[in-house]
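Engineer: As you go down the protein sequences, you meet chains A and B in turn.
So in my numbering, spot 147 of the first sequence is number 292, and the numbers just go up one at a time.
So in my numbering, spot 235 of the second sequence is number 298, and the numbers just go up one at a time.
These are calculated hints, taken from the structure and not from any lab test.
Bear in mind the structure is a predicted one, so any value in this text is a computation, not a measurement.
Restricting the straight-line Cα-Cα distance to at most 20 Å, the calculated cross-link-like pairs of lysine to any residue (SDA-like) are: (1) Lys748(A) x Trp176(B); (2) Lys739(A) x Asn173(B); (3) Lys705(A) x Asn173(B).
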Amino acid sequence: MKYDINKIRNIGISAHIDSGKTTLTERVLFYTNRIHTIHDVKGKDGVGATMDSMELEKERGITIASAATYCQWKDHEINIIDTPGHVDFTIEVERSLRVLDGAVLVLCSVGGVQSQSITVDQQMKRYKVPSLVFINKCDRSGANPDRVVAQLKEKLGHNPVVLQMPIGLEAEFEGVVDLITMNALYFDGENGETVRIDEIPVNLREEAEARRAALLETATMFCDELMEAVLEETEILPELLLNAIRKGTLDRSITPVLLGSAYKNKGIQPLLDAVNALLPCPVDVVNEAHDLRNPDQLVRLEPDMDKPTVSLAFKLEDGQYGQLTYIRVYQGALRKGDTVINVRTGQKIKIGRLVRMHASQKEDIDMVPAGFIGALFGVECASGDSFVSPGLNLAMTSMFVPEPVISLAVVPKDNKAEINMSKALNRFTKEDPTFRTYVSEETGDTIISGMGELHLEVYIERMKREYRAEVTTGAPRVAYRETITQKAEFNYTHKKQTGGSGQFGRIAGFMEPVADEEFVFENKITGGSIPTQFIPACEKGFLSCMKKGPKLGFPVTGVKICINDGASHSVDSSDMAFQAAARGAFVEVFHRAKPVIQEPVMKVVVETPTEFQGNVMGALNQRRGMIVGTQDEGMMCAVEAQIPLAEMFGFSTVLRSLSQGKAQFTMEFSSYRQVPQSIAEEVAKKIQEEKSNVA
Amino acid sequence: MTLFTSKQGNVIQLRERNLTMLTRDLTMRNPLRLLDDVKDGLLEPGDFGAVSSRSGGGKTALTVQLALNALLQGKKVLHISLNDPVEKVDLWYQEVLNQMAGQYSEIRINQLWDMLLPHRLIMTFLAQGFSVATLEERLLDLSKQNIFTPEILVVDGFDFDGDCRPMLEQFKGLALQHGFHIWFTVNTHRHEAPADNGYPVQLGNLSDLFKTILQLKSGDGPVAIRVLKYPEGASPKANLVLDPNTLLIQDPNS
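Kindly produce the complete structure, drawing on both the sequences and the hints.
Structural biologist: Structural data, given as structure tokens:
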């Protein structure tokens, strides 16, 4: 096996739901001879696409967990991460992007840039991932690649450069014109495996010339040599042109656009060529690690096999033979028999078995060099852990993890189910940082929380299928919070004199709202009215009240406490006394600081044919939704609204029935907002009821 | 702040004041009211107003300020954009509001934003497919279900270069029927001389439809706001400018 780092491509394929990225991946694997027959996502043969290896995914026709696979195309090695499309699984998308060097964004030629594409694109921007665009489904009726290109410009702010031109569209879609070599490409054979190069049809020649001129104009910006060639009107070599486009692609100033139809087996081979020619290899991308001894310092990593190893575990899977850890090496190499250190735990780990993954089949290898993606067997770790050579103290960038917004009680049916459930939960929380679990102190129930209804639903299904844990679930609960809206002062004395040593502490100051911070503690005491050794106890006392708000028992956020006076007693004051004083002060002052309940509000985007727009807006409005705007795009329109998560349960059913199944929606967390008075009362009542039920 | 005219030196602890005070404060300080003494602004139901400049001259910034000013007075604004997506328009409002209320705490601005949002609706259309009939259909959808009844319309990106009188007359009918007034942005071009009546050439033959016409003139410094036409009885102050950095309206004399 060769390790030529310039010929490696780590790419992701991401897109909106149903844009056909799994179908596309399937074709890629077929043309690179990784698989020998093509199965479709919702195919009649019941096998399902190769990448969708989880039973649940096959059944629902959506990709949940990303599987990593590798293939070879014309002496380049391509690692592909199939990323999930649903917004509830954004963490998977983000994690994938961290380990990728480049991406292919699949857009539907009919649907164009849809809401999820925007989310994905923002994530790509955040991680500065260079990308190609593949406009899929050119065979569908209503296909309009030019409109999609215009949307790329307007909605995503890309600078698209079209490298191909369709030969026919919709049902007449036959192939593409390659504007770089100026040839027509047709895809022959039962599965489109033979690429036939032909002359451009006469009727398209003029348009092709015009489009090529536009392509050249953009490309010359990135290469002086090419500029000269154009000005002198000498022959322009395809390599020169490709190099210029590559330069622009790598710094994300242009986005090459290709087109085709994965389902009809058209345009896939040129896409693979473009991946090889235009997307970065690991050397082209700057990767940085955090130096743990010096937190602000970023260390640049070099993909050099002889340097000390730095690698990142980005995904875990529970296999038949124990835990499988997907890992990307950024510097050095992981070799069989090496010892590495898990930076988070400090544990030493000896590398036993290294494999390369192809969906659910594995292939043993001896080494994973820098830039490559592989998998480890039997290593205990959580996803996001960094593995480094002994002596190094580097961690890969910590990944941004959003807080869960919805929770749900799960109750196992019997004893066996309980054991299996805890096994399953243990595994899931390690795999997915947005999925959390805890035991409620009041009810004793196990609570799971995550990023949306579907997110939790999927885990419950997996519990049933993979772990045989039969559970019943309670109604989903929204993660409310408490906060204050006003400044209020406190002056509280804690005094106890009931035999034994007494307790005394007086604490004074004020509480005020603070934005974007959970808790801020400020000590403004001068002259030692509270001795310095008791200050941490005060802070601890206040902090202990933040977990359970005095109003309804929800977590408290956005509070700043400032203490500026107090009193102590030489004998009776203690850490305990001041903690109690702080707790007392918090409860007392909280009610005077005008506390309110806040709820998670989601940004919901509904895409619907225009004839249902009125109904959709009505439905959104009924759910305490605030409609931000509507966007007309010919046949389809998008309605954007802000809606409390609590009102979104069961929305998918409502939406389906009012739009004859033609509308779809995506939602993501937007912000916490104050709950209106009437609703707050309802929430309070419900909590009262629950409390009395338990008692 | 130069935004104050008569209240300079009158320092108030703004943080402690509640939201109603804040909104009143923002409207009082808004130099927009200097454009006209009439409390409800320059236009009455059924009227048209125009803001004209070359592309990039600050039309959207000014219309968004007009809209925010109306929002602060508790009016409902429907913003129709024929070129920008919803997100971008929304961002304009957030930016301008942040600039206007810059010296308040973040918490207060957020509260204010939450209060204003339900009164604003953005609609975007593709410029080619747009017709007043579609708009009317949408408006009917909204009012029938009691979701939104606008009091002011902002139409950004309407193309005045062709023959648009028939469409504007449809707009007029809509405005009279629903009882709102409309602010249009008018894109002018560098090479064009003004029409004989002194208005931008696009409005030369349409000026009878418009009660108020504002023109933005950018030079090296601040962008001057020229009031080309105003309703009878109004006495607009003629020398307001847009700050070239923030694009906020200012009174250079204060």
